[in-house]
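*Asks:* Top line first, the protein sequences correspond to chains A and B.
So our numbering is basically just the index in the first sequence, starting at one, shifted up by 290.
So our numbering is basically just the index in the second sequence, starting at one, shifted up by 533.
The hints are simulated quantities; they were obtained by calculation from the structure and are not laboratory data.
What you are looking at is a predicted structure, and each value in this text was computed from that prediction instead of being measured.
Warning: the hint list may mix true and false statements.
To be verified - Computed footprint of chain B on chain A, listed as stretches where at least three residues anywhere in the stretch have a Cβ under 8 angstroms from a Cβ of chain B: (1) 335-345; (2) 584-592.
Stated by the list, open to error - Distance windows between CB atoms, simulated: (3) A:Leu307 with B:Glu689: 51 to 59 angstroms; (4) B:Glu578 with A:Leu509: 33 to 41 angstroms; (5) B:Thr552 with A:Trp447: 48 to 56 angstroms; (6) A:Gly415 with B:Glu638: 36 to 44 angstroms; (7) B:Gly545 with A:Ala586: 45 to 53 angstroms; (8) A:Trp416 with B:Gly545: 33 to 41 angstroms; (9) B:Pro598 with A:Phe315: 56 to 64 angstroms; (10) A:Leu304 with B:Glu700: 38 to 46 angstroms; (11) B:Ser596 with A:Tyr585: 30 to 38 angstroms; (12) A:Ala586 with B:Leu759: 34 to 42 angstroms; (13) A:Leu439 with B:Gly712: 49 to 57 angstroms; (14) A:Pro526 with B:Ser711: 36 to 44 angstroms; (15) A:Tyr585 with B:Ser812: 20 to 28 angstroms; (16) B:Pro597 with A:Pro526: 46 to 54 angstroms.
Cβ coordinates follow ideal geometry from the N, Cα and C atoms, glycine included.
Given next are the chains, with one letter for each unit.
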Amino acid sequence: MLKFILQRVLSMILVVLIVATATFFMMRMLPSGPFAREKKLPAQIIQNLEARYHLDDPLWKQYIDYMGNLVRGDLGPSFKYTNRTVNSIINDGFPVSATLGVVAVLLSVAIGIPLGIWGALKQNGWQDNFVMFIALLGVSVPNFIMAVLLMLVFGLWLHVLPVAGWGSVTQVILPAFTLAGYPIAFIARLVRSSMIEVLRQEYITTARAKGISERLVILRHALRNILIPVVTVLGPLIASVFTGSFVVEKIFAIPGLGRYYVTSINDRDYTTILGVTIFYSALLVFMNFLVDLTYAWLDPRIRYVERKVS
Amino acid sequence: MDETNLLMRIDGVTTNFHTYAGIVHAVDDMTITVPKDSVVGIVGESGSGKSVTMMSVMRLIPSPPGRIESGHVWFDGATLNMADYVQQEGPNRGMVDLLSLPPEEMMKVRGRHVSMIFQDPMVSLNPVLTIGLQMTESMVAHGIADNEEAWKRAIEMLALVSIPNPEERMRDYPHQYSGGMRQRVMIAMALSCSPELVIADEPTTSLDVTVQAQILELMKELKTKLKSSVIIISHDLSIVAGMADKVVVMYAGRVLEEADVYDLYEKPGHPYTMGLMKSVPRLDADDRERLVPIEGSPPDLLAPPAGCKFAPRCQYAMEICCKQEPPLITIGDGHRARCFLHHPAAPAVPGFVKVE
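This is chain B alone, in the form it adopts within the complex (with noise of 0.2 angstroms):
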């Protein structure tokens, strides 16, 4: 992959919760890449990690429970305008830590050059707000606009996300929008100070059907517009599929497989990977083809198992799997996966690509 068009490394985050049951390892050595203006999806279960990745990005983990013990996020210097903080050498030249910010500077990142969109628009709102003035904070805020500038812009940003009469609908208070409506402001709100990279957790989910395709559509539109880098977050493989370029496999915390969308179809890296795709229906299958769902649930994350986390339920786990965990290999160009199977030793298992 291209080093050089990199906006941002997540780099080897582990975030736990400190509850009173125990530690739970939410997010374990965590490391993925986003290059510039592009897509990426992350895919997994609930509980996978996903959101937590996420929000420790962002720096928003409620603390206490949750702690960032360890990583880096990597993000580029050049647009960040914080010359104290960018590394003058080694492999991330160029490049800030967002986790060692001080506060302060960190506030200055959240919204204007990395924004998020929740997954429930019905909550993710002030009740008692207007959102005219929900929209226009992040931009006063970040001294992009005075208040006045900010109602201007607001209202084009809403009319770009297709809210109709939007100079009144800046007078009204989330309660008077619906479920769809109210998930395009939040897109607009995030959009609106043109931030380098959007993270869309789970931006659909809480949706119906058809909306949530509407929804997908503004945001692959919006995409092409605005160059704006995006990360989604879905357990929905399909949609991942839709609009990203790149799809990250998560699963207990950790990265199981990192690949191109078009490789991640064509030669799945990981049991995993292939357990997903063939749980989704397919509209070129058979009449009488069944979905074939991954038998048991993802591991307690309290005392997660100690080898490869999928190994319990993985129909191909050999001996190694339960005692070890694989580390994450490149096995094609960008393409990367966390399992055994690819060993020279390893047993051939039908549908799956090994590398040599």
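Excised from the complex, chain A in its bound form (with noise of 0.2 angstroms):
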């Protein structure tokens, strides 16, 4: 077990640095550069500019000294907001993408596997029917749209929860049930699939021909088999709800880091890009590694074992 894991970290860094390497010379790839404005800077506060950041050095030591620096854990000044790092943007940002992503993830959970479940259940009853609209409709419905409902009906009209900002508990519900829309229909969906696949193994009959209720036959017998396929898609959910939504931030004005994913680029913020990306390329492949170890504890066959010999 420690092997595998000792193996499965080195080439989570592996994929890390490669991310990493491609990230940076792509970005420099575009056209323009951290200091293009609309109207022209004279060309020595350019040169100034560059030489501050050593934007003058040859593009491979430019990488070489980056990457030296990523390793010590020093993501590098942002360009475009002077005086601000990337570790601190991202120390500003992260805690509260994160926030409103645990709440989202734990709300795309807790309903999303109770009513893939209860559709499964009443296969093709109304409740089924009622449970497929629901995921259609989350599926479907843009996530900003789903924002501007919530702001409508909530906010303005039903006078419960604030529309939009950052700082309270009832500040996170609307943005939390926006960005939970999507992952809570397709949770559903999967949860569905599965559970009506899983009830006609043989092994559901052995269990109800044992006697046992049909409450511990669905939650011992069942569900841990079910399980499986929705922590294949929640590892790489977490990650992406964690690190912030774009739009969903900009619309409840949410300081998360969302927002740098999109502003950045446009800034061609250089090191603010990359920052931000590594940061999201770590924790994805991170999570997928805590996926692949909840694999094992869900699922005694793909244990990781040294061969007992019997």
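Two chains, two separate frames, one set of hints: put the complex together.
*Replies:* Structural data, given as structure tokens:
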């Protein structure tokens, strides 16, 4: 097991380094640069700025310097936000996005899984149609529409929740539901179809033939078997939700990490683009690693064991 | 047959499957009696309704599409402890109809009084739960042992079915067991609550031949030790003959013949039974003697033939056989058959013992 984890950690580091390298060079292939303005800056100023940020060094040297800093955990200064480092941008934004993300993921799991089970148990009944309708809605309504609708209903009409902002508990609810809309729908569909599949398995008949309650049949015998596909989608989902959504954070005026993805690219804010991309990919790779560990916990057949000689 | 010694009587059970293509008449007017402390074998080809009958008894028919349309499953009320549902009078006095029990009462019957061993042990155990949990849960659910006690009993049961190192193996998962071992676990599981009736649905079909023999041997041994009645389903007449006291031959959802195992071999009362016996290899046969297959295939249960279901494949079929379904008639002590050849006016057929 230790050997397995060690191997995985090494390969994770490799993946992140490859992502960093690819992003670094692709970014530099983009036309224009961080100091391009509508009103052209004098050549001398640009030269000074480039010297300040070592942009006048040859590309290979910049790359080596950057990677060196990266290994030390230093993502460099932001070009756009003067006096701020990329580390501090992530430090400020990530906790906000992650808080929102945790709530959204909990919502998707807590609502999506029961909805899916309910639909599967009442297959082809009205309950099932209702669940599938919700799922269709959740998948097809874009989050900016969802956000506005939620604001309208709960903020402006019912006056029960604040429409935007960040800082209090109530301000988390609407954006969290907006973020959770798609995952709820997706998980409900997934759980429904795998539940229907699992309920047809012989071991479910065996369990029923033992005379245990239907509740136990579902919760003990079926649930664990359907969690494997759910966990598979949950890993990447968590990574993407934790790092924030540009649209949702923009609409609800939330100071998260999401907006930096978009704005930093427009600004050609090289270090910020690199920083958030590397951070995101590291998180994604780590989540996938957790997914693999969870698999082993859920399904003993894929558990990594030293062969016992019996 | 001694009616006071009755454990279960399946009485006129009809189970249909309502599919898009139409209604599949899987089991039609099924009637079988199971005496206490006996082994009843049910023989038939695939799709003859053997398993569906037993799943109907357990009320585990997936619904929809399946539906038990009519009939009763009378079970000895003395063992069930369900005073409210015991028939007070009539021919089924002292019996409980399993098919009319409320679902929560039926749950108390499953596993506790009637348990099942399934065909394929590779898929009949839950892959993500330990053998220990799967062994103990029915004992715990039926309140005959708490967790700790059930664990101890499960270890004893595993030892009884000859699983080496049972204490250790309780913590293992099904994939760490071989096919034969898993079937032993299934047997141990089915017997863990000492049920009055164990239904074994083709318990050896998916195992390889050497393991088959071991499992059958084990079942015979446990049968004498534990005093449960057993219904053994098989498509293999020789397996049933080796174990059963009484054999029921099924075809197209019907009972074609029901007899004591010796009677069945000595004087088969139905051409289908005769055909089945000719298609089984015999040790005392001549070297060159060929096996005789039954030509054709079972009828489509979506649109079964009008008369005797076996008539299209029967070499002795008469005109009436295709028009009218013969009734199940008594042709000897506990020996019933569904064939017009027993009619006084029917022609004599070689090898066929006709009743007067």
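*Asks:* Compare the structure with each hint and give your call.
*Replies:* Results of checking the hints against the structure:
{"no.": "1", "hint": "335-345", "result": "violated (count 0)"}
{"no.": "2", "hint": "584-592", "result": "holds (count 4)"}
{"no.": "3", "hint": "A:Leu307 with B:Glu689: 51 to 59 angstroms", "result": "holds, 57 angstroms"}
{"no.": "4", "hint": "B:Glu578 with A:Leu509: 33 to 41 angstroms", "result": "holds, 39 angstroms"}
{"no.": "5", "hint": "B:Thr552 with A:Trp447: 48 to 56 angstroms", "result": "holds, 49 angstroms"}
{"no.": "6", "hint": "A:Gly415 with B:Glu638: 36 to 44 angstroms", "result": "violated, 25 angstroms"}
{"no.": "7", "hint": "B:Gly545 with A:Ala586: 45 to 53 angstroms", "result": "holds, 52 angstroms"}
{"no.": "8", "hint": "A:Trp416 with B:Gly545: 33 to 41 angstroms", "result": "holds, 35 angstroms"}
{"no.": "9", "hint": "B:Pro598 with A:Phe315: 56 to 64 angstroms", "result": "holds, 60 angstroms"}
{"no.": "10", "hint": "A:Leu304 with B:Glu700: 38 to 46 angstroms", "result": "holds, 44 angstroms"}
{"no.": "11", "hint": "B:Ser596 with A:Tyr585: 30 to 38 angstroms", "result": "holds, 34 angstroms"}
{"no.": "12", "hint": "A:Ala586 with B:Leu759: 34 to 42 angstroms", "result": "holds, 39 angstroms"}
{"no.": "13", "hint": "A:Leu439 with B:Gly712: 49 to 57 angstroms", "result": "holds, 56 angstroms"}
{"no.": "14", "hint": "A:Pro526 with B:Ser711: 36 to 44 angstroms", "result": "holds, 38 angstroms"}
{"no.": "15", "hint": "A:Tyr585 with B:Ser812: 20 to 28 angstroms", "result": "violated, 48 angstroms"}
{"no.": "16", "hint": "B:Pro597 with A:Pro526: 46 to 54 angstroms", "result": "violated, 37 angstroms"}
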